[in-house]
Amino acid sequence: MTTVVTDNCQGCRFTDCVAVCPVECFHYDGEMLYIDPDVCIDCSACIPECPVQAIFEEDDLPDDKREWIEINATRSKGLPVCSEQMDPLPGAEERKSALGF
Amino acid sequence: MAEGSGASGAPWQVAIVGSGPSGFYAAEALFKSGLPVQISMLERLPVPYGLVRSGVAPDHAKLKQVIDVYSRIAEMPGFEYYGNIRVGNDVSVGELCEAYDAVILACGAEADKPLGIDGESLAGSHTATEFVGWYNGHPDFRDRVFDLSHERAVIIGQGNVAADVARILARSPQELAHTDIAEHALEVLRTSKVREIFVVGRRGPAQAKFTSKELKEFGELEECDASIDPAELALNEASAAEIAGAGNAGAKRIVEIFSGFAARPPGKARRRVVFTFQKSPARIEGDSRVRNIVLEHNVLSGAPMNQSARGTGKFMSLETGLVFRSIGYRGIAMPGVPFDPRSGTIPNLAGRVVAEGQSVPQIYVAGWIKRGPTGIIGTNRADSVATVASLVADLPKLSAAGGKSGFASLRSLLHGRGTRPVSFSDWKRIDAAEVARGANLGKPREKFTYVREMLALLA
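Heads up: the sequence lines are chains A and B, in that order. Mapped onto the working numbering, the consecutive letters of the first sequence carry residue numbers 302 to 402. Mapped onto the working numbering, the consecutive letters of the second sequence carry residue numbers 63 to 521.
Chain A with its partners taken away, still in its complex shape (with noise of 0.2 Å):
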């Protein structure tokens, strides 16, 4: 079991999930976050946090995102870790609109 990051924290990056992670477990690029498996405890304290729910239980991953496992686990490893909250990516809100949250 492992908690992951999907499609809909592209373009958004919110953050709100890193201040709220106890074990400094996500990473981040310039399009997005990805959580290390390897560091997770699957609290889940991250979940509810998302303004466009893009974090996911492992179990809970609808089929068509079942790719993100893969892509959390090996994109996290070469990138810096998120160790605190930071703004949104510009057009945040938008991208968070046409999402519909």
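No lab work stands behind these hints, which were simulated from the structure alone. Heads up, some of the hints might be wrong.
Anything over 10 Å on all C-beta distances counts as not near chain A; from chain B, calculated [stated by the list, open to error]:
id: 1; residue: TYR87
id: 2; residue: GLY96
id: 3; residue: ASP130
id: 4; residue: VAL155
id: 5; residue: GLU192
id: 6; residue: LEU251
id: 7; residue: LYS275
id: 8; residue: GLU294
id: 9; residue: ASN298
id: 10; residue: ALA311
id: 11; residue: ARG353
id: 12; residue: ALA455
id: 13; residue: LYS459
Now the in silico label distances, taken between C-beta atoms and shown as ranges [claimed, not checked]:
id: 14; chain 1: B; residue 1: GLU160; chain 2: A; residue 2: ALA399; range: 19 to 25 Å
id: 15; chain 1: A; residue 1: ILE372; chain 2: B; residue 2: ALA308; range: 40 to 46 Å
id: 16; chain 1: A; residue 1: PRO391; chain 2: B; residue 2: GLY375; range: 54 to 60 Å
We put the beta carbon where it would ideally sit given N, CA and C, even for glycine.
For chain A, the structure is supplied; the task is to place chain B on it using the hints.
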């Protein structure tokens, strides 16, 4: 060098009271602030980590890995751990304010909310805290006695603590034997006659406070079925609107999981957990000990996300010998510090303790004693970061760095009072001994459950 710090680079002295998540995240935030600080973390038990050690359930080993983060903070230069010191008893908050530039109270919420009904104090009626502390080897609850000879247990409350209590009662001894559950508790659980565990909610399935992760576990137990009367899952209009809301995906998921339990054919497991809704305890009956509990049926009213439960005057009775109440915690007042008995918290603004609208210099709060008993481990990180932001803004105005001597000035005072501080390296000896004891039993750790045992190891 930060503004206001001493020319010599001597640090500000900060005391953190409590060694649970909120205390450690406060320490981390102080180190990240860039101000020169020396931190003394004071803990009433010899052993650190608060509810991560004594609250997180033994079958949730992965969650306890958060301890690695805390032990890294504890090893940072500028951090000192002093266990076995009861602030408010061995040393007063006033004395801490003389020795330190600032004091952060992160001592949690250690009392349970009472039900306020007749029969609550009968033998066999317990707080969830007592049971959780007992199976987790907390010294305060080591010698509690739980009579598991009755076939039915009733748990009042539908949050994650209620879920933990229900799950530990529901699990088979084999499922727990290789966890860090305290051996004295495992021995009693091996003899448990409990077959049916009722988990009672005041409101409906859409308002249950479990996290989906905790609830799902009831579908995966080796020797226990999860059971719900499908009729109890019928949602009123306001509840249906609640779970349809975009911002309430968590509640929607909870209702889906309940529906999955209700749709299962009756199982043949040795035990079953029954979730029941819209009922409040009216009284607990019995002569010398609990014989049954009377529940009143409730009706929900109010706007979506703001529904309250009201009694209907219709009652039902459940025969039981064991009742646990798990409807929330309250903080305990700290002598010399303001306290709001209504909320069970210390009144504060952004973590600054306030009395009659005025902030009390030097004293800050973080975690459950600040905001009440809500959220999970990680929630405390954001909470402590906010408190430390207030403290860091105030510190240069409070005092010049280097003016206080910190633990150096407490040491002789504590010695004179017969208190033996336990250092972090002392804790590491206790830790290693616990792990070694566990290895003999095929467990990750066998905790010491008496303070005297812990201190004897260090003598």
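Outcome of the hint check:
The beta carbon of TYR87(B) is not kept farther than 10 Å from every beta carbon of chain A, the shortest such distance being approximately 8 Å. A cut-off of 10 Å between C-beta atoms confirms that GLY96(B) is not in contact with chain A; the least separation is 13 Å. In this structure ASP130(B) is not separated from chain A by more than 10 Å, as the shortest Cβ-Cβ distance comes to only about 8 Å. No Cβ of chain A comes within 10 Å of the Cβ of VAL155(B); the nearest lies about 28 Å off, and the non-interface call holds.
Every CB of chain A lies more than 10 Å from the CB of GLU192(B), the least distance being 25 Å, so the non-interface label holds. For LEU251(B), the non-interface assignment is confirmed: its Cβ lies about 25 Å from the closest Cβ of chain A, beyond the 10 Å cut-off. Separation of LYS275(B) from chain A is inadequate, the least Cβ-Cβ distance of about 5 Å not exceeding the 10 Å criterion. Look at GLU294(B): its CB is around 23 Å from the nearest CB on chain A, clear of 10 Å, so calling it non-interface holds up.
The beta carbon of ASN298(B) is kept farther than 10 Å from every beta carbon of chain A, the shortest such distance being approximately 23 Å. In this structure ALA311(B) is not separated from chain A by more than 10 Å, as the shortest Cβ-Cβ distance comes to only about 5 Å. For ARG353(B), the condition that its CB be more than 10 Å from all CB atoms of chain A holds, with the nearest at approximately 39 Å. The claim that ALA455(B) is not at the interface with chain A holds, since no C-beta of that chain comes within 10 Å of its own (minimum 17 Å).
Non-interface status of LYS459(B) relative to chain A is upheld: no Cβ of that chain comes within 10 Å, the nearest being about 24 Å off. At roughly 57 Å, the beta carbons of GLU160(B) and ALA399(A) sit outside the given window of 19 to 25 Å. Separated by about 25 Å at the C-beta atoms, ILE372(A) and ALA308(B) break the suggested range of 40 to 46 Å. Look at PRO391(A) against GLY375(B): about 58 Å separates their beta carbons, and that is inside 54 to 60 Å.
In the structure shown, a violation is registered for the earlier hints numbered 1, 3, 7, 10, 14, 15, in ascending order.
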